[in-house]
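Chemist: Here's the letter readout for the chains.
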Amino acid sequence: MKQQYLFEDKAEFLSKLQELKDKGISRKAVTILIPYPLHEVEDIWHPAPSPLRVFTLFGALAGLLTGFAFTIYTAKDWPLITGGKPIVSIPPFIIISFALTILFGALVSFAGFLILTKLPNIRAMMEPEEYGNQFAILINNEE
Amino acid sequence: MKRRDFLKLMGLASSSTVLSACGVDKKAEKLIPYLVPPEDDTIPGVPVYYNTTCTECPANCGISVKVREELPVKLEGLSGHPINDGSLCIRGQASLTRLYHPDRIRSPLRRNTQGQFKPISWSDAYDQMMQTLGQGGQHLYLAGRTTGTLSELIDGFCDERNIERLPEFESYSYAAIKEANRLLFNQSVIPHYRIEDADFMLTLGADILETFVSPVSHATQLARAKKLGQFLWYHAEPHVSLTGLQATERLVIQPGSETHLLRFLLRYLLEHVDYARRLPDAVARAIPNVSGEEVSAQTGIPSEELNQLARQFAEAEKPLLIAGGISTGHTSGLEVAALAGLIQWMMRMTDIVVDFSRAENDANVGTMLDMGELSQRLQEGNVGVLFISRANPMPNVPASYGFKENLRKARLRVGLSDFLDDTMQACDIVLPLSHTLESWGDTQSRKGLRTVIQPALEPIFDTRTEGDILLQLMQRRTGNTGVQTFREYLFTRWREKYGEDSIESLLHKGYFEDSPSGEFVRLSGTAAAELLTTASDPVDFGKPLLIAIPSLRTFDGRSRVLPLLSEIPDPLTTISYGDWVSVSEQDLRSNQWQDLDEIELTIPGGSIRLPVKTQPGLPGGISTIHWDMLKPLMLQVDPRTGESICYMDGVQMVSRGVSVPIPYLSGSSSQEGRGIIPDMERGDEDHDRGGPGMYPEHEHTDYRWAMVIDLESCIGCSACVAACYIENNVAVVGPEEHLKGREMSWIRMEPYYEEDGSAEFLPMMCQHCYNAPCEPVCPVYATYHNPEGLNAQVYNRCVGTRYCANNCPYKVRRFNWFKHERPGPSDEIQMANPDVSIRGKGIMEKCTFCIQRIRAARDTAKDESRKIQDGEVVPACAQSCPTQAITFGNIEDKRSRVYQLAHSFRAYRVFEHLGMEPGVYYLGKSEARSQKSEVDRGHQEDSN
Amino acid sequence: MKSEKVVERTEINYKEQLERDVLAAMAKPNRWYWVALGFSATCFLIGLISWGYQIKIGMGTAGLNNPVGWGVYITDFVFWVGIAHSGTLISAVLFLFRAKFRSSFNRTAEAMTVIAVMTAGLFPLIHLGRVWFFYWLFPYPNQRLLWVNFRSPLIWDVFAVSTYLTVSAVFFYVGMIPDLAIVRRLTTGIRKKIYGILSLGWQGSLSEWMHYNRLYLFLAAFATPLVISVHSVVSWDFAMSVIPGWHTTIFAPYFVAGAIFSGTAMVVTLVIPMRKIFSLEKYITLDHFESLAKLLLLTSLIVTYSYIVELGIAFYSGNVFETAIFKYRMMGDYKILYWIMISCNSLIPLLVFFRKVRRSLPSLLIISLLANVGMWFERFILIVTSLAKDFDPYAWGLYKPSIIEAGITLGSFGMFFTFFLIFTKVLPVLSMTELKEEHE
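Those protein sequence lines, which keep their order, are chains A, B and C.
Everything in the first sequence is counted per the numbering used here, starting at 7 for the first residue and increasing by one.
Everything in the second sequence is counted per the numbering used here, starting at 2 for the first residue and increasing by one.
Everything in the third sequence is counted per the numbering used here, starting at 236 for the first residue and increasing by one.
What the hints contain is simulated information worked out from the structure, not anything from laboratory work.
Idealized CB from N, CA, C, for every residue including glycine.
Among the hints, a few may not be true.
As the list claims (entries may be wrong) - Stretch-level coverage of chain C by chain A, calculated; a stretch enters the list once three of its residues show a Cβ under 8 Å from a Cβ in chain A:
#1 319–333
#2 336–342
#3 429–436
#4 506–518
#5 540–549
Claimed, not checked - No more than 20 Å apart at the CA atoms, straight line, and that leaves these computed lysine-lysine pairs for PhoX-like:
#6 C/Lys671 <-> C/Lys517
#7 C/Lys427 <-> C/Lys660
#8 C/Lys263 <-> C/Lys660
#9 B/Lys510 <-> B/Lys498
#10 A/Lys124 <-> A/Lys82
#11 C/Lys291 <-> B/Lys842
#12 B/Lys842 <-> B/Lys868
#13 A/Lys8 <-> A/Lys22
#14 C/Lys291 <-> A/Lys16
#15 B/Lys498 <-> B/Lys67
#16 C/Lys291 <-> B/Lys820
#17 A/Lys16 <-> C/Lys671
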């Protein structure tokens, strides 16, 4: 059974959603499409929290480690004295590591976002289902 | 492949790099001949040295020419030479660029009917000369100062062709001194001044360290005298000169009042020195009695200083007095020279320190009066051929003589020169002379000293030596086909004089010196007494007064053609390119001028438009100008001696309301209270030497190169700068770039003036800091601290961020803003030291402590399985320094000279508080000052 | 199929009106747009030609010399990096602080950031003596396995600026994805295809929004310290040196404040005409501008404070070099520029204290334009005077920019405005999604 509910009004949409939730409809069967983020939906629907932060943490840590490992390795690979400073000069290396932490963190987060949302969505790119500024609830109860 | 074969191939490859480094594709073709070893044993990469003589000025210093792949790359003073002992001046260094100058005359020229010069063949030139020589009229031969075998040959030539040899032309003829010496001692020469044997010296106006007679000789001797211990030097002059600034005590004297001072000294010394009584009574009686107060008023020297000078003169064991330069360049110049001569004799200087047995061999040198006579004869119209060789009288002879106009009246004017200067422009035939480095010859600048001129390369252009030209002309007349060369002529003469066996050693050593004759001059008492009684009154110049002074860089203008000498700034004003008048701060203020304002300078006779530049220390009302910046219209001559007059009073200076952009390189004439040269009297000695560093020390196992520069010895002569330019292929960039502040010098001479007009000179180059601020800022490691303690610059790695230069507190790094033009004689022949790469556009360069020389020394040491010894590495600047102010060595070695000097109490480093620990130490001037203050104290006790 | 019926007309009006208005801005350009674009592109071309000439002839075509090795190019670099700062500040920091007025500006500000960083990033290359070896600055080993020197502030710059460009671009793009989907819906033909691809097939499902919100939060959280760090690193180009007037610890906060000041001024400069031209008065209101004006005033006061501290410390230290350089700035060869800087950055912005001034668009536009001028001169004064008269009095020298430097600077403005004009036509200039959300 396929069902489609479209709402212009947010309140109606939310009450329908509450109704569906109260009916105990399978989460998997319901697709909710909204034109902009609504906190109320989360309050009603309680979707699982996004695991994106794992990616972020991983990326940032990887950047930090890469930063230190890379700078220390290259400095020791061909040790050259400049300005009488030690070969492994930690303060400047912190700056590099900091930049890499952010760079890796941001990029890995973005990659994680693409993975989690399964974007880019080729089908949706070519033939998108457009609901305009309406709130949509699609129910797909095939099984 | 065996190791040796590999090395051979590598050698071949590196020589090809050297050749291709000259930047021209054609060079690659030259690679092939080296597969077959050249016949003359040239080994690629191995320098050959020839000992010869510098002829850039009449002093004739000995030089050693470094030749690489058949081209001279560097001139260095000949070690042990009686004149310059290993040192060379700024002009001598730059004379190498004369050889490679693209504007040299490349073949004989003849003026056509349109008045343009066209190249002709040598035989055409000879034919034309022969033809005119065969016709009537009196033929004349005018040459610059000529000594040695060439002089004999000219005599022979003139005799044979019935040519009259004229007195030689030198714009600095020292006519007044020679005339005084002729009157007093019957010797018309300049004696040799033995500064090193003196313990007290008074110089009157003579610029002994710049152009006067033999400046390098004076400078080396001065350094030795100072090192021997107590040496007091007074210098009296009306203006400010580089020489004067070096004196222990510089006295500012009223222009033209030297006679008063000398009379006072003569009287004082006669009364206070026992042996001075040797003066004949007749002379002693003729000495006017003058009081100290009177003389003080006349000369402008405070009477305490005057008395101190006289007392120290009298107390000195071996005093020396030199009067010359501008002190004899006025109408009572003869009196100044004669009184000085009298004191020299009276104080027994003529026995030791004023050496007539080693006098300058300049008896043939005439005066300006002779030029007047020549002009007269030319005007009479009876002159056939006029030869003018190695002389450029046109800009230096007073216009009133009409020399320029009368010159046209000679039937044929034949010029012998290397450049088309003003005089050559007026000739009909111009014969190109080979450079000294392409010639055979010898000189005898001093009595008893013969120096060898031998070629270091084949002539680059179709040029001949003067000797060969004369021999050709002689043989053409006799029809002798077995042409004798000047070389053969020279060797014959040498054989006659020194014997067959000694020729080899003569060529090897480069000079031959007789043992001194031991004869002393005798005073002609009657002449002296007569001079004293008939002496004319000292001149009293009105102000404003313009004084013409010799130029350290261009001599009398003859070295002006060498661009390097314009690239290196005048050490006093730091002006590099262009002409100017130096004025006092007072005049600048009172006339409301700015530096570089153009003024119209009018004197009776002519006017000239030049920018003004402040010269700190110059007394108000006095301006100075270099001789070569004057016009002939403004020149005058003392009719008694023929000496050129240096003083022009009645000067009018009117601002033209415009500014002339000429570059001066100094950002400030003062230290701005920054303690760059610490002053004991100001308490700078206790300056902040910086705390302990934040970082662990880095170790240098074998070598850590360092330099010590003795500011007490440094005379600011800039010879080091010229040496560095040539040794390191530093680009000459020209006035436009200088105006933008883009000079490329690796070492520069920084003058710092004090309020009282005294100045100190500081040579500044890369300080090779132990904690160099330039290094960590380079993103690509193009500069780093190498294991031998050098601040290395890797040209190939440099991307040109210029951060290193910004972060250098000494601002000694130089950026290549363009691909610099290096004009040379041809594509094939370029002046370049093949050991130093030529830097391309967009990269940073700087002083390397002559790393190529360190490398060469290390290779030698390695071959001999030892470490580099102290003194084995001598950078170009240190090598050239006439006063040996620069010491270089390994500061890790506690026995090295550089270690000991760097740890002496005078040692300090510039901007030490920044904690960068520079590798260049300076020895402050405190010793001299403390000495002086002791003297002052002693004097006060005396008077109490 | 069921569909619930419409209730409130105004609600629909706002959302649709918003979409219509934003899309209208992206519609076929009028004549004035072409004139502006042509002018900007010409300036850009002049810059490119000047740069080409400089590469061919050498760095000497600039007015630089010894001692002044850095001049207009590094001034431009710092200036454009500074401009770039406000974009991320308004976007990310204000997002984290939940500042409502952000939504009206953030798209423009982010676009400005990305374009300004691109412009700024060129200047380190332009000022290289051998720009053809610019890639040596990137961390890779050369044929002898020599890496770059991580101790050099210039390498920090490479990392900071490229990170900043990347993260800003990602942030800009991510923030735009839902809006790109709206544009996709409202366009046809080839444009629909292109926006379809650009929007990655965004559908607006709840799970997409869940991850999206997280990502946006994290990116904002990353971008905020990045804003601070990048301009600190830029300031360390100077502060890490030994040169008097550069070697000071106040530089990092001083530069960050200055960057935000100049960036905010640039946002005002850009948005006032844009709002007028594209008739977006409804979405970008006077209240929004007032908030920006307050930010401008705050940063101006911080900058003024830094000036005072700098001077105070220099004179208090008694250090002859520091004292001399600050005297020189105020009274030396470049004193006119110094006083222009003080007027534009410290004095004139004080007018914002008056409510009338900060609620008047013409006066705000003038103040922000002057702030941009003042900030450019600030960097020029700072870079040039310190180099012109540092330690060794003999080596002192003056610097006068050349026509080539003027051409390249003009070119950088040309590039910035060319790209910005293109941005206004191809991408939605307002964040429609956020404005809708905010409207709730």
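Chemist: Decide, hint by hint, whether the structure agrees.
Modeler: Hint check results:
Coverage of a stretch by a chain is defined here by at least three residues with a beta carbon nearer than 8 Å to that chain's beta carbons; for the segment 319–333 of chain C and chain A the count is 0, and the condition is violated. A count of 0 residues in the segment 336–342 of chain C with a Cβ less than 8 Å from any Cβ of chain A is obtained; the coverage claim is therefore unmet, three being the minimum. For the segment 429–436 of chain C, the assignment as covered by chain A holds, since 5 residues bring a beta-carbon within under 8 Å of that chain's beta-carbons and 3 suffice. Only residues whose beta carbon comes within less than 8 Å of a beta carbon in chain A count, and the segment 506–518 of chain C has 0; fewer than three means the coverage is violated.
With 0 residues bearing a CB less than 8 Å from a CB of chain A, the segment 540–549 of chain C misses the requirement of three and the coverage assertion fails. At most 20 Å may separate the alpha-carbon atoms for a hinted pair to count; C/Lys671 and C/Lys517 meet this at roughly 13 Å. Taking the CA atoms of C/Lys427 and C/Lys660, the gap is near 15 Å; set against the 20 Å cutoff, the hint holds. Distance restraint check for C/Lys263 and C/Lys660: the Cα-Cα separation of roughly 8 Å lies within the 20 Å cut-off, and the hinted pair is therefore satisfied.
Distance check on the hinted pair: B/Lys510 and B/Lys498 sit about 16 Å apart at the alpha-carbon level, within 20 Å; holds. For the hint linking A/Lys124 to A/Lys82, the alpha-carbon distance of about 42 Å lies beyond 20 Å, and the restraint is violated. For a cut-off of 20 Å, the pair hint linking C/Lys291 to B/Lys842 stands: about 10 Å separates their Cα positions. A threshold of 20 Å between alpha carbons decides the hint, and for B/Lys842 with B/Lys868 the separation of about 37 Å lies outside it, so the pair is violated.
Restraint check for A/Lys8 and A/Lys22: satisfied, since their Cα atoms lie roughly 16 Å apart, inside the 20 Å limit. Between C/Lys291 and A/Lys16 the alpha-carbon distance is near 64 Å, which puts this suggested pair outside the 20 Å criterion. Our distance criterion of 20 Å between C-alpha atoms is broken by B/Lys498 and B/Lys67, whose separation comes to about 29 Å. In summary, the hint linking C/Lys291 to B/Lys820 is supported, as the alpha carbons are separated by about 10 Å, within the 20 Å threshold.
For the hint pairing A/Lys16 with C/Lys671, the CA-to-CA distance comes to about 12 Å; that is within 20 Å, so the pair holds.
Checked against the numbered hints given earlier, the structure breaks hints 1, 2, 4, 5, 10, 12, 14 and 15 and satisfies all the rest.
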